[in-house]
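Input sequences plus hints: build the corresponding full structure.
What follows is each chain in one-letter form.
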Amino acid sequence: MTSQSCIKIQHLTFYRGSRKIFDDLTFDVPRGSIVGIMGPSGTGKTTLLRLISGQLSPDQGSIVFDDDEINTLTRARLYQVRKKMGMLFQSNALFTNLSVYDNVAYPLRERRDLSESFIRDIVLMKLQAVGLRGARDLMPHDLSGGMARRVALARAIAMDPELIMYDEPFTGQDPISVGMIVKLMRLLNKSANMTSIIVSHDIEITFNLVDYVFVLADGKIIGQGKPEELRNSSNEQVRQFLNGFADGPVPFHYPAKDYAADLMGEN
Amino acid sequence: MFGVVQRIQHLGAAGINFITRVGEAGLVLLGAIFKKPNFHKSFPLLIQQMYIVGFLSLPIIIVAGSFIGMVLALEGYNILEKFAASDELGPLVALSVARELGPVVTGLLFAGRAGSSLTAEIGLMKATDQLSSMELMAVDPLQRVVAPRFWAGFYSMPLLAIIFSMFAVFGAYAVGVDWIGLDAGSFWSNMQASVDFRIDIVNGIIKSIVFGFFTTWIAVYQGYACVPTSEGISHATTRTVVFSSLVILGLDFVLTAMMMGGW
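Just so you know, the sequences run in chain order E and X. Each residue of the first sequence is one higher than the one before, starting from 349 at the first, in the working numbering. Each residue of the second sequence is one higher than the one before, starting from -1 at the first, in the working numbering.
Worth double-checking, as some hints may not be accurate.
[Said to hold, decoys possible] Covered by chain X, according to a simulated footprint, are these stretches of chain E (three or more residues, beta-carbon under 8 Å):
| hint | segment |
| --- | --- |
| 1 | 360 to 372 |
| 2 | 443 to 456 |
[Claimed, not checked] Far from chain E by the CB rule (all over 10 Å, computed), these chain X residues:
| hint | residue |
| --- | --- |
| 3 | E22 |
| 4 | S64 |
| 5 | I160 |
| 6 | V208 |
| 7 | A223 |
| 8 | D250 |
[Stated by the list, open to error] Listed next, with one range per pair, are the computed distances between beta-carbon atoms:
| hint | chain 1 | residue 1 | chain 2 | residue 2 | range |
| --- | --- | --- | --- | --- | --- |
| 9 | E | V526 | X | G21 | 44 to 52 Å |
| 10 | E | G365 | X | E22 | 17 to 25 Å |
| 11 | X | I6 | E | P378 | 54 to 62 Å |
| 12 | E | D485 | X | G179 | 56 to 64 Å |
| 13 | X | L28 | E | G390 | 30 to 38 Å |
| 14 | X | N36 | E | F466 | 15 to 23 Å |
| 15 | X | G179 | E | N445 | 46 to 54 Å |
Everything labelled a hint here was simulated from the structure, so no lab data went into it. Source: prediction; values computed, not measured. For every residue, glycine included, the Cβ atom is placed at its ideal position computed from N, Cα and C.
So this is what it looks like as structure tokens:
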């Protein structure tokens, strides 16, 4: 592990039941970079984030974050390591019984020994960064999908983590909010040297934001490189994904028997 | 022959599955209650959950207790009167309620009202990634979510059973004395003479503590281990009510046998 890598994934293999999600996956995430993970639906992008955060364990291979091999850590050590991580969940995962303010304050109250007045300052700064300082007293059920996403983002960055993982951060956002979130991500990356991993299907926004992209399909990396390199890729799978072609090497349909035979009820 | 082998295999698989589930439930309980608590953070959560699990269960407990006491008084009076023993209505109601109906009916109502709510709440927290997000914030959901709910149920259940029994006796008094016209003095004095604090009251409280332990354990485990879908949560909630009810009725027999055997 070099100090240049924040995350080092080696020979990662992971199964869900009998289905192989990742097959001998190997790649590094450089420290302080913004990396995009892209690929068709169902390729395990969210699963990869859960493996990196230690919520799932690989069947084979290793995931190293800051010199700690995540899948071999004790629970106590894993919790120590997670203090350096933040994650924006696809479902937002806001605590429904807590207000916007208390949601953002939650990790600070739980994991930092800070005075309530200091916590207040941090929470208001984070909410100001996502444009929701005025919504601090609202409950999660009062928020629109886009607002809830921004509150979840404020909570994810509340602890100023070394690594932040964004799972579909642009879903449900209007163009103004997208612009603001992209600006915030860049700021966090530059000013705090935060390493960011972004899982997204939004190719244009992601390509304009990230330093490096990995495209996953069939449990493997089918393409990787800087955004401009991927745009010029000759790989058929990458081209199909980036251009949104229905026909190509990446199947749109889940594996099934012949359509006509299925309609005719033949075995 | 093949069918028999298959049935034995199914039986074996079901047995292994059951033992695995019990083991998992044990680990959830261990993780929740045998870790050093942070009183500064845990105590407010416990009070909040005692309000939700215990205090908000009071209406159903009070209403059910009152009506059961009233029905017992009516039924009891009709039978006792045939033997010219209607003065024994007070002891009949008090003993029935303190030893059996109080803990058992409170347990069943508690499983239906609070147990199902605990399962659904924890299950929904799991389905909406709230438990995962806690994990990722290095906060143990067993400590912050499961433990306060478990202890709240454990402490609330005996208190609710005592309140149930009190209101059952008041209900019986209302019917027996105010409506039927029995003598209030003999109602209370016969009750006082017949009910033994150690044998009747304390044993009833012990039962309610045991029922509270198992009902809440089942409820929090079912929520924590449920399949995080609407159907999975629905099944888990149903399992909480069914398993809790069966455990209460089964344990009631075991505890009654032990108590009558002079353990």
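Each hint tested on the structure:
1. 360 to 372: Result for this restraint: violated, n = 0.
2. 443 to 456: With 4 residues close enough to chain X, the hint holds.
3. E22: Holds: least Cβ distance 16 Å, greater than 10 Å.
4. S64: 32 Å, holds
5. I160: For I160(X), whose nearest Cβ neighbour in chain E is about 29 Å away, the distance exceeds 10 Å, so it holds.
6. V208: Given a closest Cβ separation of 30 Å, the condition holds.
7. A223: The claim stands: A223(X) keeps its Cβ more than 10 Å from every Cβ of chain E (closest is about 16 Å).
8. D250: 34 Å, holds
9. V526(E) / G21(X): 44 to 52 Å: For V526(E) and G21(X) the Cβ distance comes to about 47 Å; the hint holds.
10. G365(E) / E22(X): 17 to 25 Å: 19 Å, holds
11. I6(X) / P378(E): 54 to 62 Å: 57 Å, holds
12. D485(E) / G179(X): 56 to 64 Å: Between D485(E) and G179(X), where Cβ atoms are some 59 Å apart, the hint holds.
13. L28(X) / G390(E): 30 to 38 Å: Holds, since L28(X) and G390(E) (Cβ atoms, about 36 Å apart) stay within the stated range.
14. N36(X) / F466(E): 15 to 23 Å: 20 Å, holds
15. G179(X) / N445(E): 46 to 54 Å: 51 Å, holds
When the structure is compared with the earlier hints, a violation turns up for hint 1 alone.
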